[in-house]
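With chain A fixed as given, assemble chain B onto it according to the hints.
There are 2 protein chains.
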Amino acid sequence: MATTKTPVDNGVNVQALLGAREALKKTPEGAQFQWRATCSWVYGTHSRTTTKKYFGLGQEQQHKTEFSFDTDHPEVFASEDKGATPVELVLAGLAGCLTAGVASVAQMREIQLRSVTATLEAGMDILGILGADSDVRNGFDGIKVTYRIDADATPAEIQALVAQSQKRSAVYDIITNPTNVTVEVV
Amino acid sequence: MATTKTPVDNGVNVQALLGAREALKKTPEGAQFQWRATCSWVYGTHSRTTTKKYFGLGQEQQHKTEFSFDTDHPEVFASEDKGATPVELVLAGLAGCLTAGVASVAQMREIQLRSVTATLEAGMDILGILGADSDVRNGFDGIKVTYRIDADATPAEIQALVAQSQKRSAVYDIITNPTNVTVEVV
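Keeping their order, the protein sequence lines are chains A and B. The opening residue of the first sequence carries number 1 in my numbering; numbering runs sequentially from there. The opening residue of the second sequence carries number 1001 in my numbering; numbering runs sequentially from there.
Mixed in with the good hints, there may be bad ones.
[Said to hold, decoys possible] Cross-link-like lysine-lysine pairs, in silico, BS3-like; alpha carbons within 27 Å at most:
# : chain 1 : residue 1 : chain 2 : residue 2
1 : B       : Lys1053   : A       : Lys144
2 : B       : Lys1144   : A       : Lys53
3 : A       : Lys144    : B       : Lys1167
4 : B       : Lys1053   : B       : Lys1026
5 : A       : Lys167    : B       : Lys1144
6 : B       : Lys1052   : A       : Lys144
7 : B       : Lys1064   : A       : Lys144
8 : B       : Lys1144   : A       : Lys64
9 : A       : Lys52     : B       : Lys1144
[As the list claims (entries may be wrong)] Now the in silico label distances, taken between C-beta atoms and shown as ranges:
#  : chain 1 : residue 1 : chain 2 : residue 2 : range
10 : B       : Glu1029   : A       : Ala16     : 46 to 54 Å
11 : B       : Glu1110   : A       : Ser134    : 22 to 30 Å
12 : B       : Asp1133   : A       : Ser40     : 34 to 42 Å
13 : A       : Glu22     : B       : Gln1061   : 43 to 51 Å
14 : A       : Ser40     : B       : Gln1015   : 25 to 33 Å
15 : A       : Pro28     : B       : Lys1144   : 15 to 23 Å
16 : B       : Gln1159   : A       : Gly11     : 41 to 49 Å
17 : B       : Gly1142   : A       : Glu22     : 21 to 29 Å
[What the hints assert, rightly or not] Just a sample of chain B residues kept apart from chain A, beta carbon distances all over 12 Å, derived:
#  : residue
18 : Pro1007
19 : Glu1110
20 : Asp1152
Please keep in mind that the hints were generated in silico from the structure rather than gathered at the bench. From the three backbone atoms N, C-alpha and C, an ideal C-beta is built for every residue, glycine too.
If we strip away everything but chain A, and leave its shape as in the complex, we get (with noise of 0.2 Å):
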């Protein structure tokens, strides 16, 4: 008797990004993007950025809706904890490119997820930030990411998706790689 094979489906289209990729080998200058975000100042250490408009495919590109992230310090800096920390915006960002990469990875891979989920926890000594030892550094002293993953797959199988997602993700490479910042005052 013939069974029927459900597709895998993980709402990633696959088709469109190995198109794209043929597509932007061939003209490069396409695959040149830059993306943007306007910052405000709110009051004490609350401000508030907003992301919309970026430039790729040749052009100038937006997304459907702006998006909008208030940053604060929390209470026990003394302040009125109006949003999340800078570095836990670090996290999310770290932690939506590796959960987006494994989709697609699976999706590619036709191995079914059910539910994916991600830990991360980053130590930080904030003797550093305070300015109170030089010898500490401002940032993370590390991430851990730890994910628990349902799929339609052997350990093995799930270890790849998520050790390939790692492989192309854009923030691991920010974090784990020197990025230049240039900051100017006009």
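For chain B alone, kept in the frame of chain A given last:
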């Protein structure tokens, strides 16, 4: 005739921060923080990350409310654009961190801020994340931050505020220097 100078108020409690710095120098174990985030895959490249609890000052802490961040890929990546891209969250984290620093340093130096805005631009060649060219990195090729600051200070003093903020910024450090990230599946 005596004039009364209005006290500088940028909304940052500098006395509390200076007090914390001195206290934590004596009890450095209290300066060991751990920031956390939890991410759940929604569908496709869309996921949601929340932050609430963290560890610091020797005990479990939590934000007044939970903060939630949706991330997704945009329509030009054949996705549904249900959130900012993960790399834009990194830009928002950098903007929020540097801007909180500007306000804090201004308060310390008794410089009244009137307005602070920043625009961030980050180039990325997406041939990297598409796996189309192994010589192209996945992350940004650089980030440019441009501040416009209206404050009761000279241009040189304003430049110095921004420079000092960079020097003490956690996210600036995380982006410009390598940070170890371990990813495991349980």
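Structure-based check of all given hints:
1. Lys1053/B x Lys144/A: Holds - the C-alpha atoms of Lys144/A and Lys1053/B are around 16 Å apart, at most 27 Å.
2. Lys1144/B x Lys53/A: The hint holds at about 16 Å.
3. Lys144/A x Lys1167/B: holds, 25 Å
4. Lys1053/B x Lys1026/B: Given that 27 Å is the threshold and the Cα spacing comes to 25 Å, the pair holds.
5. Lys167/A x Lys1144/B: With a Cα-Cα distance of about 25 Å, the restraint between Lys167/A and Lys1144/B holds, given a limit of 27 Å.
6. Lys1052/B x Lys144/A: Given that 27 Å is the threshold and the Cα spacing comes to 17 Å, the pair holds.
7. Lys1064/B x Lys144/A: Between Lys1064/B and Lys144/A the Cα gap is close to 24 Å, so the pair holds against 27 Å.
8. Lys1144/B x Lys64/A: holds, 24 Å
9. Lys52/A x Lys1144/B: holds, 17 Å
10. Glu1029/B x Ala16/A: 46 to 54 Å: Between Glu1029/B and Ala16/A, where Cβ atoms are some 51 Å apart, the hint holds.
11. Glu1110/B x Ser134/A: 22 to 30 Å: holds, 24 Å
12. Asp1133/B x Ser40/A: 34 to 42 Å: holds, 37 Å
13. Glu22/A x Gln1061/B: 43 to 51 Å: holds, 49 Å
14. Ser40/A x Gln1015/B: 25 to 33 Å: holds, 26 Å
15. Pro28/A x Lys1144/B: 15 to 23 Å: holds, 22 Å
16. Gln1159/B x Gly11/A: 41 to 49 Å: holds, 47 Å
17. Gly1142/B x Glu22/A: 21 to 29 Å: holds, 27 Å
18. Pro1007: The assertion about Pro1007/B holds, with a minimum of 15 Å to chain A.
19. Glu1110: holds, 16 Å
20. Asp1152: holds, 15 Å
Of the numbered hints stated above, none is contradicted by the structure.
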